[in-house]
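Novice: Protein sequences, first through last, are from chains G and B.
Numbering-wise, this note's numbering puts 7 at position 7 of the first sequence, and it's gapless, one number per residue.
Numbering-wise, this note's numbering puts 120 at position 120 of the second sequence, and it's gapless, one number per residue.
Be aware that a few hints might be false.
Any copy will do: because identical chains look the same in the list, a pair fits if it lies in one copy or spans two.
Once the Cα atoms are required to be at most 30 Å apart in a straight line, the calculated DSSO-like pairs of lysine-lysine come out as [as the list claims (entries may be wrong)]:
#	residue 1	residue 2
1	253	138
2	196	321
3	399	138
4	82	321
5	128	82
6	128	399
7	403	278
8	162	138
9	82	162
The set of hints was computed from the structure by calculation and includes no laboratory data.
Everything numeric in this text was worked out from a predicted model, so none of it was measured.
There are 2 protein chains.
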Amino acid sequence: MATEAEERALRYRRAQSVTRAEEITAKENKARRLQVDKPVHKPRDSLFSWSSEFTNFSGLVNWGFLMLTIGGLRLCLENFLKYGILVNPIEWIIVLTGYNEGHSQHYPSVILLIFSVVPAVIALLIEKAIAFDILRQKVGITLHILNIVFVISLPVVVLHFKSQDFSFVGTTTVCMIYLILFLKLWSYCHTNFWCKNSMGAKSSKNKLRRQSLSAPNYNELTNAENEQTLEDEMNHEMAAAGLVRYPDNLNLKDLFYFLLAPTLCYELNFPRTTRIRKRFLIKRVIELVFGVNLVLALFQQWMIPSVTNAVDPFSEMNVVKITERLLKLAVPNHLIWLCFFYLSFHSFLNLMGELLHFADRNFYNDWWNANNIAVFWSSWNRPVHMWAVRHVYIPITEKGYGKSNASIVVFFISAFFHEYLVSVPLQMFRIWAFLGMMAQPPLSVISRFAEAKLGPRWGNIIVWSSLILGQPLAIMMYYHDYALVHLTAKH
Amino acid sequence: MATEAEERALRYRRAQSVTRAEEITAKENKARRLQVDKPVHKPRDSLFSWSSEFTNFSGLVNWGFLMLTIGGLRLCLENFLKYGILVNPIEWIIVLTGYNEGHSQHYPSVILLIFSVVPAVIALLIEKAIAFDILRQKVGITLHILNIVFVISLPVVVLHFKSQDFSFVGTTTVCMIYLILFLKLWSYCHTNFWCKNSMGAKSSKNKLRRQSLSAPNYNELTNAENEQTLEDEMNHEMAAAGLVRYPDNLNLKDLFYFLLAPTLCYELNFPRTTRIRKRFLIKRVIELVFGVNLVLALFQQWMIPSVTNAVDPFSEMNVVKITERLLKLAVPNHLIWLCFFYLSFHSFLNLMGELLHFADRNFYNDWWNANNIAVFWSSWNRPVHMWAVRHVYIPITEKGYGKSNASIVVFFISAFFHEYLVSVPLQMFRIWAFLGMMAQPPLSVISRFAEAKLGPRWGNIIVWSSLILGQPLAIMMYYHDYALVHLTAKH
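The shape of chain G in the complex, shown without the other chains:
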């Protein structure tokens, strides 16, 4: 009897450990089928046991999004129960236009925006002068540099002397527009500089060719003839494709097209579309109208109370409370940033592109799948990334400096402009935004390490974490300092 039991057990063990039910011998199956007690059990593992080799947990993705929805819905209800409705469209108008009963009614933001045409026209005039050899190129470049330094300094100076005439949104808009103008004019000068130089190189080659004809050297002659053929071919091709050539591009229409176009990189012949898709346009306009209202509502209803509530814990330096406030702030801030991203980079830039027949709509790549921070920075804002690569990174590497040096210069410039966009409107020169940006290269190394060691999923999680938590941290820093300055001013 004992040996029988052992034998039976051995059979079950084999059945369980090798390939489960299939391994039970046909004989045994037959014996079980003949039993009258209707057996229902068979040897098998629980799904959570490793030995079950079960891996289908796809339903948990639905669970995750459902839990997020429920959490979000509850936060909304809690917010309304606590604060009532704070959304006030009249306040938006005041904030947006800078209209304020107590102060002057000069709309200084609007004046500054209109004035931005002046440096653009100056840049065109300098460029024309260089093209027709009225100005020597070196002098022209010096004038260009003075012009774009003027562009970037103007808001700083005006805001310093007339800060009480501006609304916060007004100043931010002005700074943003002047920064874009700065980048665009840099690109405009740089590109025209390349064109002018290539023309100079050609004319010197032509001179060389004439010289070599007078003192014939057959090898050189063949080269020069080849070059001449190539140049002729190029002229022919470009004429066939209907492309504009330098210096025909130097006119007001071309300049203003570039200033309005959704790109920071100037080129003589932008790819164009033939028609404006009306449905597409209407969709983008509707997105903008609803989206801007949503962002403003979220800001008033959720963001401002969260930020206000977070100042005291920051002053007290209570680590647990700071963390709790930071996490509380992270959610609305991140949602607003996502809305802002979509509205700016999809709705607004596509709207401009459609209106201007601008065919290159690569305003963002799939940064949401980025597995390290370097990929994120090169994906989320394509216009700035393309500008930085074309006008900073490649010129530096072509001069023979290393790639990592070029990267650091790019991040440095980026950090400077992030700081510019925060400090100038706030009239408060701290370095939190600058430090935040300069922390990106080391963070990038960490995320690349995580990607290599722990797999791409963890790289992606680090990218998202730095995005979700980094921003509210910077906001808290600035708001804390801002509140401190304004409180001490009142006392």
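Given chain G, put chain B in place with the hints provided.
Specialist: What follows is chain B alone, placed relative to chain G:
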């Protein structure tokens, strides 16, 4: 010039609308390459535009889980900042043992648990009497029914007269154990009834065979001989496989093995494992120790404050507040339920199975992927499901009643026992649990409709929603009524 521009535009339009960059002719590419302004733009769509056909949003899954983690972490911190640490292990011991200074120190729960052996032994004795024809089968079945009705009624009666001697956890445990005993004894009697009947059928066949031998009918003889051969073969096979046959199974060892085994369905020969895997056992024990502590801590720290805070809005019938409280309660309740599920159905039942060499570990299927509610109910609690199918559903359908009738009977019994497990410990006969269970068949129809019309994902979302939101709703109902009864009792 106009025709040229049109031609160019046409080329770009074709390039954009047909297959993007690849379609730009080689000629045009060459012309662009020859340009000196280093062009970087090419016609392409934004990724969010439908025409881009981009669908990779896999990074958003990481985003979802990160947002959940951040939300969870913040809720923890908020909880600690609001309530401090409420976890108190000494209280657990009081609750678990029912030890309470003010009351008697008789541990009535423990006495009731030990007493549960008595009806089990009675069932064995009745079964023995039936097997050896001491009792007629009908009388035996009547005695069995009286016995199991006694099992299910005992906690109700004892708790009604001695409710102040019991802790809530103690009474719940007693009810749960007696309910399991009820289901197990039902299965034990039912299975032995099948065995006894098949023996009776065989002996009547034997009688028939002897009759047909005395009045030879060749056809019948052949049949009978065939049957005899089959029976002999069966005996042979079963002996070879070392299987126990009725009535050899009717002994105390077999009965107690079944009572301890992690199943509700009795059979004569359970599949067995040969050895106890020590690492597996240790893991399950560690899970249980940590898990039970985690559940108790979550309960004290998170669940009790949430439930307590939710009573007033329920009394006020303020819909917005009720919804907010319900969603707030849903999160800890759901997490506790998930922990409870894992601990009961994976850790505890696998531990029992491993200790008892019980090889069938199918305690749950992948209910988290269930696309409709019927699948969920047949997956999450396999022991009960198997019991209901084997001892209620199949017997009813075999009697010729329809499948839907059988399903409704199963849900009715299930609803009754859910109500039993809540009402008896609370000493408060409401019908919320019963109604909750009886709402499942209509909900199942809705979820199957959603699955068919909107796709399996929406079916799964409905299953999760009913799980996450249904439970806290029932809990709120009971707690509200409970608080009301106890408040009116105090006044």
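Novice: Hint by hint, say whether it matches the structure.
Specialist: Results for each hint:
1. Within a single copy, residue 253 and residue 138 get their C-alpha atoms as close as 26 Å, which meets the 30 Å cut-off; across copies the closest is 104 Å, which misses it.
2. In this assembly of identical chains, residue 196 and residue 321 lie within 30 Å of each other by CA distance neither inside one copy nor across copies; the values are 60 Å within and 70 Å between.
3. Taking the shortest alpha-carbon separations for residue 399 and residue 138, only the intra-copy value of 19 Å comes in at or below 30 Å, while the best inter-copy value is 103 Å.
4. Proximity of residue 82 and residue 321 under a CA criterion of 30 Å is satisfied in both settings, with 19 Å inside one chain copy and 11 Å between copies.
5. Proximity of residue 128 and residue 82 under a CA criterion of 30 Å is satisfied in neither setting, with 62 Å inside one chain copy and 69 Å between copies.
6. Within a single copy, residue 128 and residue 399 get their C-alpha atoms as close as 27 Å, which meets the 30 Å cut-off; across copies the closest is 99 Å, which misses it.
7. Taking CA atoms no more than 30 Å apart as the test, residue 403 paired with residue 278 passes in neither setting, with 44 Å inside one copy and 56 Å between copies.
8. In this assembly of identical chains, residue 162 and residue 138 lie within 30 Å of each other by CA distance neither inside one copy nor across copies; the values are 36 Å within and 102 Å between.
9. Taking the shortest Cα distances, residue 82 and residue 162 never come within 30 Å of each other, neither inside one copy (38 Å) nor across copies (45 Å).
The earlier numbered hints that this structure contradicts are 2, 5, 7, 8, 9.
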